[in-house]
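Novice: As you go down the protein sequences, you meet chains A and B in turn.
The numbers in this note's numbering rise by one with no breaks, and the one at position 56 of the first sequence is 56.
The numbers in this note's numbering rise by one with no breaks, and the one at position 125 of the second sequence is 125.
Think of the hints as simulated: they come from the structure by calculation, not from any bench.
Just so it is clear, CB atoms sit at the ideal spot from N, CA and C, and this is done for glycine as well.
Some hints could be false.
Stated by the list, open to error - From the structure, some residues in chain B lie toward chain A, with a derived Cβ separation under 7 Å:
hint, residue
1, N223
2, P228
3, T229
4, L233
5, R276
6, G277
7, G328
8, E329
9, T330
Stated by the list, open to error - Pairwise CB distance ranges (calculated):
hint, chain 1, residue 1, chain 2, residue 2, range
10, B, A224, A, D29, 24 to 32 Å
11, B, P182, A, A74, 36 to 44 Å
12, A, T4, B, P182, 32 to 40 Å
What the hints assert, rightly or not - Some chain A residues near chain B, calculated using beta-carbon distances under 7 Å:
hint, residue
13, T15
14, A18
15, D20
16, Q33
17, D39
18, S40
19, M41
20, H51
21, I56
22, E60
For reference, the chains in residue letters:
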Amino acid sequence: MTDTDYRAAFLEELTRVAPDIDPSTVGDDDHIQDDLELDSMDVLNLVTALHERFGIDIPEPDYPEISTPSRAAAYLARRSG
Amino acid sequence: MPSLGADMEAGKLVEWLVEPGDAVKRGDIVAVVETQKGAIEIEIFEEGTVHELVADLGQTLPVGAPLAVVLKEGEAPPEAPEPGEAPEPAAESAEAAPEPAKASAPEPTEAAPSGPAPAPRAVAASPAARVRAHELGIDLSTIRGTGPGGVIVMGDLEGQGRPAKKPAGPAEAAPTEKPASPMEEMRKAIAAAMTRAKQTIPHFYLSETIDVHPATEFLADLNADRPPTERVLLGALFVRATAKAAAKVKTMNGHHTDGAFHPSEAVNPGVAVALRGGGLVAPALMDALSLDLDETMAAMRDLVTRARAGRLRGSEMTQGTITVSSLGETGAEAMTGVIFPPQVALVGIGAPHERAWVVDGQVVPRSVVTLTMSADHRVSDGRQVARFIAEFETLIQAPESL
Numbered sequence: 001m002t003d004t005d006y007r008a009a010f011l012e013e014l015t016r017v018a019p020d021i022d023p024s025t026v027g028d029d030d031h032i033q034d035d036l037e038l039d040s041m042d043v044l045n046l047v048t049a050l051h052e053r054f055g056i057d058i059p060e061p062d063y064p065e066i067s068t069p070s071r072a073a074a075y076l077a078r079r080s081g
Numbered sequence: 001m002p003s004l005g006a007d008m009e010a011g012k013l014v015e016w017l018v019e020p021g022d023a024v025k026r027g028d029i030v031a032v033v034e035t036q037k038g039a040i041e042i043e044i045f046e047e048g049t050v051h052e053l054v055a056d057l058g059q060t061l062p063v064g065a066p067l068a069v070v071l072k073e074g075e076a077p078p079e080a081p082e083p084g085e086a087p088e089p090a091a092e093s094a095e096a097a098p099e100p101a102k103a104s105a106p107e108p109t110e111a112a113p114s115g116p117a118p119a120p121r122a123v124a125a126s127p128a129a130r131v132r133a134h135e136l137g138i139d140l141s142t143i144r145g146t147g148p149g150g151v152i153v154m155g156d157l158e159g160q161g162r163p164a165k166k167p168a169g170p171a172e173a174a175p176t177e178k179p180a181s182p183m184e185e186m187r188k189a190i191a192a193a194m195t196r197a198k199q200t201i202p203h204f205y206l207s208e209t210i211d212v213h214p215a216t217e218f219l220a221d222l223n224a225d226r227p228p229t230e231r232v233l234l235g236a237l238f239v240r241a242t243a244k245a246a247a248k249v250k251t252m253n254g255h256h257t258d259g260a261f262h263p264s265e266a267v268n269p270g271v272a273v274a275l276r277g278g279g280l281v282a283p284a285l286m287d288a289l290s291l292d293l294d295e296t297m298a299a300m301r302d303l304v305t306r307a308r309a310g311r312l313r314g315s316e317m318t319q320g321t322i323t324v325s326s327l328g329e330t331g332a333e334a335m336t337g338v339i340f341p342p343q344v345a346l347v348g349i350g351a352p353h354e355r356a357w358v359v360d361g362q363v364v365p366r367s368v369v370t371l372t373m374s375a376d377h378r379v380s381d382g383r384q385v386a387r388f389i390a391e392f393e394t395l396i397q398a399p400e401s402l
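Chain B with its partners taken away, still in its complex shape (with noise of 0.2 Å):
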């Protein structure tokens, strides 16, 4: 069971797309797991057959837990597992989806404290059981852990550091509670993604206001003779000139994990998508920067598409590298944006207004967007911010380059 974000403890495995036999190959779509951002389809890093398929469908299983057995070519099937027993997490041979690029154990991990002390052994616990330990005051060397490999996981939680409260599973809530609906859950989800954001990532933020009047000239000569499937809106502009100024400014491209910056070479900019009757996802636009203005529009009507349907991948939930988020045509004119971890910046753009503008020395009517910057200060400071809007807004005002 991947993790499909930071805050992800389980997913429930709705739907096979494979069977043993069948050959596999990274980027393969081999399952769909229902989380609280809704049903995300699962694709494999790993090339190899099927072998075996660990997990029922219909069943919940934590981050880490494997769900199917997968043999490189010329390899030898694995002894049977014992049926319950919890899997080594560094397993040798390829489980079905496991973290893309860090393929190391299954996601719980965030390692020992590199502290000199000498400490008996890192406690393994989920990052928001971490969190969550955290807030209680609760020593995790004290919790027993029932996760794969015993990695303590929100349910062991459950009846600690506070008075009494009696242990149950996440499952059996009390009856008088009702069951909480999809949207209660994308809430639970935002809040806890946000939460840790805050509580982790020392934002700032810094602002421009920009002329956007040369792009909806452009978009508005391009697409009056197209017929409205080819037509390309602003927010494409937008998302074209953020990778291309994330690609010069790598400051603001990637992830902060495991105490480090690590920038990204591909740009892979998520996309903020408003949920009809509330919600937001943010999936990413993978390798922006093979796209051109058309690939790139193609690409979000495709994500904007599958995110109302609840179709988005795994990999887009977990590997964008920088967010954009636009406020669209109608709206407030500025937004300050939360920073989705573990990304290091945030594009927020607030809806075009028409403005009083000084153009070439005579007050001229404008439509203007506010750009607000939310980044990392652990990353990055105003100087490379500052660097980054330039960049965007040299790049939004010759949109014919973009």
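Looking at chain A on its own, in the form it has when it is part of the complex (with noise of 0.2 Å):
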């Protein structure tokens, strides 16, 4: 899977807990709970949902890591490979 692909999945599992949220608007950059808005709940939620997708524990630690479209396709990727 390339970085692209993993923004892709990312962005799937980030519009199945916000449902709101039109993908083709997200930025590379937007910052999940500062402009998408996502709370903590939400974000539980995807890492839930990131969890079962790639089998990869992200303990709390590493949730500035997925804060980003962009920073969560490189960790992803990282973390995946």
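Starting from the two chains in their separate frames, assemble the complex, guided by the hints.
Specialist: The following block contains the structure:
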């Protein structure tokens, strides 16, 4: 999987947690809490979804690593690879 | 049609989950009703057998109108009601989902003013219509009610008290006006409830900034080895601390109705959930004292998920006994909230901020939150609120006790 694939997968899970977000409007550096208005429960649900999809553990100290689509894509590629 | 909030006038029946012949027991979900706050699952508070579904799908019914007839064991079916005829409010057998606890007449009457005057007859009006009539300076006794049993509802006030406006039901608004979107409807519902709160509840506020370092350390340890599905958020600790503190300081927990405070034995903290795109609901976490921390977290997750999906239950909309409104992990440091009637207190918790803090004589960086308690002066004074805050602080600083 390329970074682009990871980004797409991340956006897919993101919009599943927050169905009102239009993935085509999400910028690479949009912050999931500050810009996309996810709350802590949404973030936990997103982490859960990524955990289940990729089978990787995302400990709490790593949450900042998935705070934007570009950071998340890089993180997921690194952790899954 | 149960009242699912102080300002609810009517609801639209969108789904039946039972049919005639089904056995039902207390707590069963029997129908889904569309309200300003989204679709709400209606529970029944009686046990028996569904005899007849009176209301049709798609029908909008005023609060108090019967939805179905349920017969208790051995009870004979009633004579068929005249179609369209308003039923006697204090009907004998169980209507689907009456107002829980106070089983008497369906909703409307705020009862006769208990003044000395031998009032010929109390005017029955829905709470929202009553408030509106007051705003417009209308004498309710001059209005003919069209609600069940002649109760005055909002629609009856149309064209009253103001210069000529053609009487029209809410359903037939001027064609040029766009129908209100669900978001606008929710905004209206919030406005009505909050206006009523500020008009009727003498709010007062006490604040305290609390060190949550022990709580965040506790959670970091707890969550380190857990998969995401089992992790606990700081918000769950806040709800636990609120429930336990409310159990001790009883003047914070209950309802103010009919001119008096009714403390509640159970603590059902309403958890304010911001809906994405705007709007807010505060469904109750039922009987929070019976849940441990993990169960509290699981219940909150479920509540938030259902709030977002629009599948809350009627009891969750009406039986909250105190509200917790937490701004989450990022955002402003303090919030002074509006009490959700008929409750008498709201715990507003700002987002944690890193601050220089004095611990054991040393200045150290600490994560702190500012708790602001909104309380009802008809029920409590500063002393009780201070006691609640002290309890909360003690609990949140010993998170393993939660």
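Novice: Now tell me, hint by hint, if it's right for this structure.
Specialist: To see whether the hints hold, each was checked on the structure:
1. N223: Holds. Min distance 5 Å.
2. P228: OK, holds: P228/B within 7 Å of chain A, min 4 Å.
3. T229: holds (5 Å)
4. L233: Holds: closest Cβ of chain A sits about 5 Å from L233/B, inside 7 Å.
5. R276: Since chain A brings a Cβ to about 5 Å from R276/B, closer than 7 Å, the hint holds.
6. G277: holds (5 Å)
7. G328: At 5 Å from the nearest chain A Cβ, G328/B passes the 7 Å test, so the hint holds.
8. E329: holds (5 Å)
9. T330: It holds, given that the least Cβ distance between T330/B and chain A is near 5 Å, below 7 Å.
10. A224/B with D29/A: 24 to 32 Å: holds (29 Å)
11. P182/B with A74/A: 36 to 44 Å: holds (38 Å)
12. T4/A with P182/B: 32 to 40 Å: For P182/B against T4/A, whose Cβ atoms are near 36 Å apart, the range 32 to 40 Å holds.
13. T15: violated (11 Å)
14. A18: Holds, about 6 Å.
15. D20: holds (5 Å)
16. Q33: holds (5 Å)
17. D39: holds (5 Å)
18. S40: holds (5 Å)
19. M41: holds (5 Å)
20. H51: Holds - the Cβ of H51/A comes within 7 Å of chain B, reaching about 5 Å at its closest.
21. I56: violated (11 Å)
22. E60: holds (5 Å)
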